[in-house]
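Could you build the full structure based on these sequences and the hints that come with them?
Under the numbering used here, the first residue of the sequence shown carries the number 1, and numbering increases by one thereafter.
Check each hint, because a few of them may be wrong.
Computed cross-link-like contacts, SDA-like style, restricted to lysine to any residue with a CA-CA straight-line distance of at most 25 Å [to be verified]:
#1 Lys121 <-> Asp147
#2 Lys121 <-> Asp160
#3 Lys121 <-> Val100
#4 Lys121 <-> Ala111
#5 Lys121 <-> Ala148
#6 Lys121 <-> Glu88
#7 Lys121 <-> Val102
#8 Lys121 <-> Gly209
#9 Lys121 <-> Gly107
#10 Lys121 <-> Leu101
These aren't lab readings, by the way, just hints derived from the structure by calculation. What you are looking at is a predicted structure, and each value in this text was computed from that prediction instead of being measured.
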Amino acid sequence: MLVSTILVGLESTTRLLEPLRSIVASAATPLVFLAEIPYLLIREVEDVVASQASLVQNNAELERRVLELSQVSQQFLALKLENERLRELLGSRARLPAEVLVAELVGVVPAPNTHQVIIDKGRDSGVQVGQAVIDAEGLFGQVVEVDAFTSRVLLITDADHAVPVQVNRNGVRSIAGGTGEMERLQLEQVSVTADIREGDLLETSGLGGRFPRGYPVGYVETVLIEPTAPFAAVTVRPLAALDRSRHVLVVFSRREDADGGVVPENETEPGLDEAAGETEASAAADLNSELEVPAGLSEVEP
1 MLVSTILVGL ESTTRLLEPL RSIVASAATP LVFLAEIPYL LIREVEDVVA SQASLVQNNA
61 ELERRVLELS QVSQQFLALK LENERLRELL GSRARLPAEV LVAELVGVVP APNTHQVIID
121 KGRDSGVQVG QAVIDAEGLF GQVVEVDAFT SRVLLITDAD HAVPVQVNRN GVRSIAGGTG
181 EMERLQLEQV SVTADIREGD LLETSGLGGR FPRGYPVGYV ETVLIEPTAP FAAVTVRPLA
241 ALDRSRHVLV VFSRREDADG GVVPENETEP GLDEAAGETE ASAAADLNSE LEVPAGLSEV
301 EP
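Put into structure tokens, the structure is as follows:
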């Protein structure tokens with residue numbers, strides 16, 4: 001006890017023990033380092049684990065953001081393509097002489113051996129059975145069933161569908177029937193002498209009063225003439241994107257466009273009855289004036 005007191009007094013009042021303290025400190029340094037090694041290891045492990053967890057979290061966050069941006073990019077691309085399709089439809093609408101209604105496909109009829117789709121316009125939008133449906137490229141089909149808010153459209157390639165057509169080059173008429181194949185139509189009963197060539201553009205002829213005149217239907221793909229066959233086999237590639245179009249136009253055509261300008265026998269234009277009556281009355285008056293007995297003459301009795 002006395003020795004420690006003396007050493008403390010010497011340390012506080014003189015520098016005699018400084019060399020000894022330096023030697024003791026140098027000798028104790030390895031011991032201090034060895035004593036701190038477990039704490040240092042624990043701290044390093046904690047840092048490594050924390051860094052790895054942070055990296056994993058950051059990686060997950062980056063992956064999530066990449067997925068979000070990918071979704072946004074896909075939506076942007078879809079909107080861009082939809083905008084292009086709508087612009088094409090608007091361009092088609094500007095070229096049409098009749099009123100049209102933009103409709104969107106909302107379903108496909110899942111019946112076997114049939115090509116039918118459902119559009120989102122129905123009776124409430126004025127759609128009626130028999131109206132022609134087109135897309136940005138050409139004739140798409142016709143409305144065959146109308147509900148309150150939807151309609152069913154029969155595609156031109158359906159085996160039960162047929163449309164009167166004519167060759168744009170020379171006006172040769174025929175009937176383009178569906179084959180049940182999405183990329184092929186067949187001309188019915190084409191004479192072997194008919195002037196139809198590969199590459200000819202076919203358009204609606206307006207005959208029959210179902211489809212307006214002048215809508216493109218497709219291009220002649222092949223013309224096969226067998227020596228013993230009574231008719232030529234003519235296949236047509238439809239212009240409309242039947243399996244890809246999302247938006248279509250329902251055509252509200254004028255009657256003169258649909259029937260070639262001929263009014264059906266059982267129908268007359270508004271006002272024609274009155275005009276015909278006035279014409280008949282005028283003709284009768286003229287006839288009476290010509291047959292009027294001159295003044296001073298009377299009928300001779302037999």
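Hint by hint, here is what the structure shows:
Of the pairs offered as hints, the one joining Lys121 and Asp147 holds, with about 9 Å between alpha carbons and a cut-off of 25 Å not exceeded. For the suggested pair Lys121 and Asp160, the alpha carbons sit about 23 Å apart, so the restraint of at most 25 Å is met. Restraint check: the Cα-Cα separation between Lys121 and Val100 comes to about 12 Å, which is no more than 25 Å; the hinted pair holds. For the hint linking Lys121 to Ala111, the alpha-carbon distance of about 21 Å falls within 25 Å, and the restraint holds.
Pair hint Lys121 plus Ala148 holds up; C-alpha atoms about 8 Å apart against a cutoff of 25 Å. For the given pair, Lys121 sits about 20 Å from Glu88 by alpha-carbon distance, which is consistent with the 25 Å threshold. Pair hint Lys121 plus Val102 holds up; C-alpha atoms about 9 Å apart against a cutoff of 25 Å. About 23 Å separates the Cα atoms of Lys121 and Gly209, which keeps this hinted pair within 25 Å; it holds.
Proximity of Lys121 to Gly107 is assessed by CA-CA distance (about 12 Å); at most 25 Å being required, the pair is judged to hold. The hinted pair formed by Lys121 and Leu101 meets the criterion: a straight-line CA distance of about 9 Å does not exceed 25 Å.
Violated hints: none; the structure is consistent with every hint.
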